[in-house]
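Asker: Letter by letter, the chains look like this.
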Amino acid sequence: MNTYKKEKDLLNLWFNNIEGIGAVCRKKLILEFGSIENVHSASLGMLEGVLGTNKARRIVDVHNMSFAMELADKLIDKNISITYPGSEDYPVKLLNMFDPPDILYVKGILKKKLNIYNMNVGIVGARNASVYGKELARMFGRELAKKGINIISGLALGIDGMSHMGALDAGGYTVGVLGCGIDVIYPRENYDIYYKMSQNGAIISEYGPGIDPSPGLFPVRNRIISGLSDGILVVEARKKSGSLITADLALEQGKQVYAIPGRITEKNSEGTNNLIRQGAMCVVSPDDIFEDLNGIQSENKTLDEGDKTVENNNDLKSLNKNSLAPAEKMLYSCLSLEPTYIDDIIDKLKIGVSDTISLLYNMEEKGLIKQTLKGYYIISV
Amino acid sequence: MFSKVTGGTVVGIDGALIGVEADINDGLPMLNLVGYLSSSVKEAGERVRTALKNSGYYLPPKRITINLSPADIRKYGSGFDLPIAISIVLSMGIIPKIDPEKTIIIGELSLDGSVMAVNGVLPMIYHAYEYGITSCIIPKENVAEAGLISDMKVIGVTSLTETIDYIRGDIDIKPYQRSDEDVFDMLPEYKCDFSDIKGQPVLKRGLEIAVSGFHNVLMTGAAGAGKSMLAKRLPTIMPGLTFEESVEVTKIYSISGLLDKKSRLIRERPFRAPHHTISNHALIGGGAIPKPGEVTLSHNGILFLDELPEFNKNVLEVLRQPLEDKKIIVSRVQASFSFPADFMLVAAMNPCPCGNYPNLNKCTCTPFQIRKYQQKISGPLLDRIDINMEVKPVQFDDIFSDKEEESSGCIRQRVVETRQIQRKRYKDEKICLNSELDGKLLKKYIILDNDVENYLKNSIANKDISARGINRILRLSRTIADMEKEDKIDVKHLKEALFYHNHVGVTVK
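Same order as they appear, the protein sequences are chains Z and V. Residues 1 to 381 in this note's numbering are what the first sequence spells out, letter by letter. Residues 1001 to 1509 in this note's numbering are what the second sequence spells out, letter by letter.
So that you can see chain Z by itself, here it is in the shape it has in the complex (with noise of 0.2 angstroms):
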């Protein structure tokens, strides 16, 4: 598959990165000839009648294809393959799209789980995000990916790439739809994640090699997250957020909206929050998301069960919870998934500094709590 001698790989990525002829022209040609073969075939003169001279020229000129074998070594070097509607790795729920991508630059293998058997939910997110929100999409893209949910996510830096890590925490597939070129990866600050993915999960764009990541190349990168999934998680954004793009094109789409709620007075939930009160699925645990997905209609379900719920499948943290010294329980209770800082655990624990670091030493060795800057902790989900 990766060796484009097919004739038709070589003609789809001849078609595809002709300079000067985009997505709309791309459209006609195929509705006037029917096919991308006809349009290599056809004369000047025919193309002239569809696209004016000038870019009928641009495609006459580059008829000989010498640029897309070039191209197709390049991709070859760098172990990148191509999908395309029609060919048999495509995902097939792109195409219930209104403008689904003519073709898809794919590092890492794009499965069959992608298309039929498993849901897919897309994990979106502001960049610069909370303690909060990041540990809480580390934790669902984990949760969903052990309950077999292929996650979805633009592999960005704070939710996109904690929810990328969660999904590989638990052994679960997931894609990364980047907004730059296939080999660009952006941020830098995701190398590891990026690599991580390349071999067990797929990394695809809609851009070859080399293109440098911009602002408006994002917008167009969501309508693909939110094509890809079932249903679409924002965890935590800002009023005015890209996630909320990747939220209404998701809708447009049909597909379901879930938010996670956060405090009325952080600026990173306004966003979620906003959301819910729109009419998104209100989310407290990631069997929400499954059961609504798989609907399953549940009863009405308190906070206080959703909480169950996490502890539930964390079964060796709860046995651990149980064994807790007074000590490290009532340590436990000072802290939450907002950031604590060591001063005022010290102020609540009424003991000296040494011992308290002591102690929160000892609860990270469990894998209780965690250390999120210097000196601030919050537990672990």
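One or more hints might be untrue.
Simulated crosslink set (DSSO-like; lysine-lysine; CA at most 27 angstroms straight-line) [unchecked claim]:
hint: 1; chain 1: Z; residue 1: 370; chain 2: V; residue 2: 1463
hint: 2; chain 1: V; residue 1: 1488; chain 2: V; residue 2: 1440
hint: 3; chain 1: Z; residue 1: 370; chain 2: V; residue 2: 1457
Source of the hints: derived by calculation from the structure; they are not laboratory data.
Based on these hints, arrange chain V on the given structure of chain Z.
Answerer: For chain V alone, coordinates are given in the frame of chain Z:
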């Protein structure tokens, strides 16, 4: 007739004795100065001629040659005016001979013949004392400084006439008697106190550890969190300078001309807080004639760098050598100078350009900006910091709480005790504090039990900690154990050291 007296100059931070020879010979009338002189000394000829004339002594119309020896030391400064004038007067036969092995003369002349203060008197006199010279004639303004050296007969003079009259025996000047107050002054009084700071127990503990073992500190926190306030109070919890330390510090300040008029022994720990626009020469010392920079001026004390990322990057990088070697070597064409620079680095910075991270409701910075801002501090420099602390803005309740906070005196008492433990342990070595442990000494004095060693191994396994970083953690845990008065380093001490050492920066991912 030939004559010789002794003067002095400063090389680096030490004094050097200079022989000042004069000879009056027949020939065309002229005044000639030789002996590898800098221009400030060459100009002395004109000053001396005029000052002598205005004091009532006319130079004979003969050929006068002045030589400053040894010829291989470059002579700087204005302290040669007085010895040159005296040597000429001596050659003229106006005054009796003075023994150059017993008396040193230092002073700058003004055109009217009055004697003015010079910099660096203490190192010069100290050196002369070691050499065996027992009396000195120096500007009156500098007597307190020179008087620190007991057994030295210090004669303070105000004018050339007075000096000549004194040498001739026409008048008597009482040698300066230092008062005990000059030397055995009680601890300096500070205007501020640690009890001014409400709450912040972790930070206070961290600073106490830092001071006890002389470890470097970096405080990261939002604007107005109290970083500078804490740093300014650090000298108040440091033990007073020992006599040797005081002399060292006073020498440095003497050379730099930073001693005030009443200049006596400096008893306060230096606290230097240079502005972030400082150049690297000003920081480490420099100039054609290298002068001590801020790192040397904070010797035995604290160098406080507020707004660390705002400092020029290359300025920060020059700190690497002094932080490791506790001294700085400044090389110039004429010579290399070694200045002591054993200071405790206390740095403060904001976590991001707007200063509000991790408060996401207030912080307007992008993750990239935050990362970039934090990256302004290079890895090698961070590696040399023992204690990293996050400072959380003070809560309103804390500011107005009536809770009694520990005073500086209390904390200092504990610090002094911890330092005594260290001194006792290292009494056979050349060092006296944990932060100085290195190489063989580190192996000799820090022995970990198996379980402690395993714990250390496990906890740094996945972290990017350099060998230097590990050594710093070990020294830090030694200090913490000393504070608890424990002989052995326990896992608990190690945990605390790890907590304070680890730099958990922004995790944006």
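Asker: Please verify whether residue 370 of chain Z and residue 1463 of chain V have alpha carbons no more than 27 angstroms apart.
Answerer: holds, 15 angstroms
Asker: Please work out if residue 1488 of chain V and residue 1440 of chain V have their alpha carbons no farther apart than 27 angstroms.
Answerer: Holds, because 18 angstroms separates the two Cα atoms, which is no more than 27 angstroms.
Asker: Keeping to a limit of 27 angstroms between CA atoms, is the pair of residue 370 of chain Z and residue 1457 of chain V held or broken?
Answerer: holds, 20 angstroms
Going down the numbered hints, you'll see the structure goes against none, and every one checks out.
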